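Work the whole structure out from these sequences, hints included.
Spelled out from the first residue to the last, the chains are:
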Amino acid sequence: SNSVRSDSHQFVFSADIISTVEFNYSGELLATGDKGGRVVIFQHEQESKNRPHLRGEYNVYSTFQSHEPEFDYLKSLEIEEKINKIRWLPQQNAAHFLLSTNDKTIKLWKISERDKRAEGYNLKDEDGRLRDPFRITSLRVPVLMPMDLMVEASPRRIFANAHTYHINSISVNSDHETYLSADDLRINLWHLEITDRSFNIVDIKPANMEELTEVITAAECHPHQCNVFVYSSSKGTIRLCDMRAAALCDRHSKFFEEPEDPSSRSFFSEIISSISDVKFSHSGRYMMTRDYLSVKVWDLNMENRPVETYQVHEYLRSKLCSLYENDCIFDKFECCWNGSDSAIMTGSYNNFFRMFDRNTRRDITLEASRESSKPRATLKPRKVSTGGKRKKDEISVDSLDFNKKILHTAWHPKDNVIAVAATNNLYIFQDKIN
Amino acid sequence: MTMMMPRGQKRKLSTEEDASDYRAPTWESQQQFLLTVSLNKYQCSQQLREPSLRRSVLIANTLRQISLQMSMVPSVNAEVSQPPAVISSILAALDSTIDGNPQPAPRIPLRPLENMSKPYEGSVALVNHGLRDHGDCREQQEDGSMEVMRSSYLGDFTVEDLFQDIDTSLVDMDMGGIGHRSTEGGHSAGDDLFMYLPPFSPHSPFSPHSLTPTSQNAHPALIGQLA
Numbered sequence: 001s002n003s004v005r006s007d008s009h010q011f012v013f014s015a016d017i018i019s020t021v022e023f024n025y026s027g028e029l030l031a032t033g034d035k036g037g038r039v040v041i042f043q044h045e046q047e048s049k050n051r052p053h054l055r056g057e058y059n060v061y062s063t064f065q066s067h068e069p070e071f072d073y074l075k076s077l078e079i080e081e082k083i084n085k086i087r088w089l090p091q092q093n094a095a096h097f098l099l100s101t102n103d104k105t106i107k108l109w110k111i112s113e114r115d116k117r118a119e120g121y122n123l124k125d126e127d128g129r130l131r132d133p134f135r136i137t138s139l140r141v142p143v144l145m146p147m148d149l150m151v152e153a154s155p156r157r158i159f160a161n162a163h164t165y166h167i168n169s170i171s172v173n174s175d176h177e178t179y180l181s182a183d184d185l186r187i188n189l190w191h192l193e194i195t196d197r198s199f200n201i202v203d204i205k206p207a208n209m210e211e212l213t214e215v216i217t218a219a220e221c222h223p224h225q226c227n228v229f230v231y232s233s234s235k236g237t238i239r240l241c242d243m244r245a246a247a248l249c250d251r252h253s254k255f256f257e258e259p260e261d262p263s264s265r266s267f268f269s270e271i272i273s274s275i276s277d278v279k280f281s282h283s284g285r286y287m288m289t290r291d292y293l294s295v296k297v298w299d300l301n302m303e304n305r306p307v308e309t310y311q312v313h314e315y316l317r318s319k320l321c322s323l324y325e326n327d328c329i330f331d332k333f334e335c336c337w338n339g340s341d342s343a344i345m346t347g348s349y350n351n352f353f354r355m356f357d358r359n360t361r362r363d364i365t366l367e368a369s370r371e372s373s374k375p376r377a378t379l380k381p382r383k384v385s386t387g388g389k390r391k392k393d394e395i396s397v398d399s400l401d402f403n404k405k406i407l408h409t410a411w412h413p414k415d416n417v418i419a420v421a422a423t424n425n426l427y428i429f430q431d432k433i434n
Numbered sequence: 435m436t437m438m439m440p441r442g443q444k445r446k447l448s449t450e451e452d453a454s455d456y457r458a459p460t461w462e463s464q465q466q467f468l469l470t471v472s473l474n475k476y477q478c479s480q481q482l483r484e485p486s487l488r489r490s491v492l493i494a495n496t497l498r499q500i501s502l503q504m505s506m507v508p509s510v511n512a513e514v515s516q517p518p519a520v521i522s523s524i525l526a527a528l529d530s531t532i533d534g535n536p537q538p539a540p541r542i543p544l545r546p547l548e549n550m551s552k553p554y555e556g557s558v559a560l561v562n563h564g565l566r567d568h569g570d571c572r573e574q575q576e577d578g579s580m581e582v583m584r585s586s587y588l589g590d591f592t593v594e595d596l597f598q599d600i601d602t603s604l605v606d607m608d609m610g611g612i613g614h615r616s617t618e619g620g621h622s623a624g625d626d627l628f629m630y631l632p633p634f635s636p637h638s639p640f641s642p643h644s645l646t647p648t649s650q651n652a653h654p655a656l657i658g659q660l661a
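Residue numbers (the numbering used here), protein chains in the order written: chain A, 1 to 434; chain B, 435 to 661.
Read the hints as simulated data drawn from the structure, not as lab findings. Some hints here could point you the wrong way.
[To be verified] The following residues of chain A were derived to be distant from chain B, with all beta-carbon distances above 10 angstroms:
1. V143
2. S154
3. I194
4. E308
5. Q311
[Unchecked claim] Computed spacing ranges between beta-carbons, pair by pair:
6. A:I204 - B:L502: 14 to 24 angstroms
7. B:Q503 - A:T309: 19 to 29 angstroms
8. A:E371 - B:Q503: 45 to 55 angstroms
Note that the coordinates shown come from a computational prediction; the quantities given were computed from them, not determined experimentally. For every residue, glycine included, the Cβ atom is placed at its ideal position computed from N, Cα and C.
In structure tokens, the structure reads:
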């Protein structure tokens, strides 16, 4: 449909710029990380019995400080506490686990609920003070009493000192025991239980750094084949590697690259071809890459070109010089699949985000704004006028606000619920049930 | 293709301009504009906490591309001819940024040009350190972005030469704490000797969310590498 009607639009204001957004495997929890090193987890509340046709809202479930700013004394440089990525682990018991990372250190956090506490201790009072042992005349067994729900986050593992360069990706393997972390030049494989060592599986650092012309920009494990992962580069290439083939996966099994269109070559061709995000489809048959102007869907069996290409904001192609000058050309946009892999979503400027339906080939531009987050508001499709006459309600390219960029979006793994991070605002849009 | 014109300049752009037409004046002016922008970007990035490797590599690749194009195309007029040495010295400096070496990268010293009509904020400028035996490049330019290209005195320079006249007495005091570190990439500690002068402003106002580079380039921090 051409509009997204919703009964529940939420708008959450955060003190800091949101730097990552991620639903967990069930979609019950939504985690955000911010520039200040904080993680905020939202939980989907149960639908109200009175109004079963409405989805419940997402409420704050837990907030904790994941990373603190550090100082690298050797390099005389600050290490930013900004959370680059959060990835959930599949849930195995009552507690939830997630990995969060800044530029250098990955942490495994356990989020658990406590809704009972023991009362009736023998040796201490209810307020914790020690009882006078001579006053104790009888023994009792402490009992568990209900208490207000408390959600605690505790760091269970800290995976540090394995990355010289800035970590851009983490990805949990389908074996649920290992995960990979990637920086500009290297990819490491970790075991979730072991923090003092990791295996380096990709290393593209040249012997002579003057020869460096390409960096790793993103990496992800295959959703089902635990030996397969991909990584993308600043030159617009994707390499698929099989860990069974060799211990060091510098040699790829597959190499994905679309031949360049000579008619559109410019000084900026390489920069705009730099891939900012790579995501496997839930099915594991496709992968999607995001470069500066487009989103491409690749069939893993076809290396020489993508099977689908979607233009995100082609009207920016004539503005690349300005965008290079004001640095916007280096912005790293993410992209995501919906649960059934039938639609994809990615962000743009002016708080616009784009959704593409792969089946109907229809696309829509929406804006994450306060207006759209009013209850029962219909998200109005937006349009950027590309030339000639500007129609009513259209916005011209020169009026776009390039400071309002939507870099991070997430789609609920099952339902039509999306989370959109617009600088320091988080928007959650939900479709009506059926 | 439309492009943002440097301020203070008026040129007519044909919209049917072929981007691959090397002879077109707009091609050359875009090249020069990009060169200046890239140089400025490089300098700005050195003031960030830790420059993004991806960004440095992309800027370096763009500079190489411009350099390649410029050296391939015979110059149409004197305005366009530039010594490739300028670019290669910049690239060499950029490469040491890309180096995993923990030290901040060496910078080409730059001075703000007096009365320069800035094509854009924070333009690249050249520092005058009383460089000896070379032509005075203080000729006022109509277009400040041309300054880098026209100064012939950079032609025979190496990075070391640029630092000859800098007073290093202050730095020598600090050498004990900063120099001679073990570095990445197989460099032995003795190979790289760095001078470090603290920047004028400890906090760079440069923010990833600002649209244009600010004019903090007026106070460049001088960091050099003696190979």
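Each hint tested on the structure:
no.	hint	result
1	V143	holds, 54 angstroms
2	S154	holds, 29 angstroms
3	I194	holds, 24 angstroms
4	E308	holds, 26 angstroms
5	Q311	holds, 17 angstroms
6	A:I204 - B:L502: 14 to 24 angstroms	holds, 23 angstroms
7	B:Q503 - A:T309: 19 to 29 angstroms	holds, 28 angstroms
8	A:E371 - B:Q503: 45 to 55 angstroms	holds, 47 angstroms
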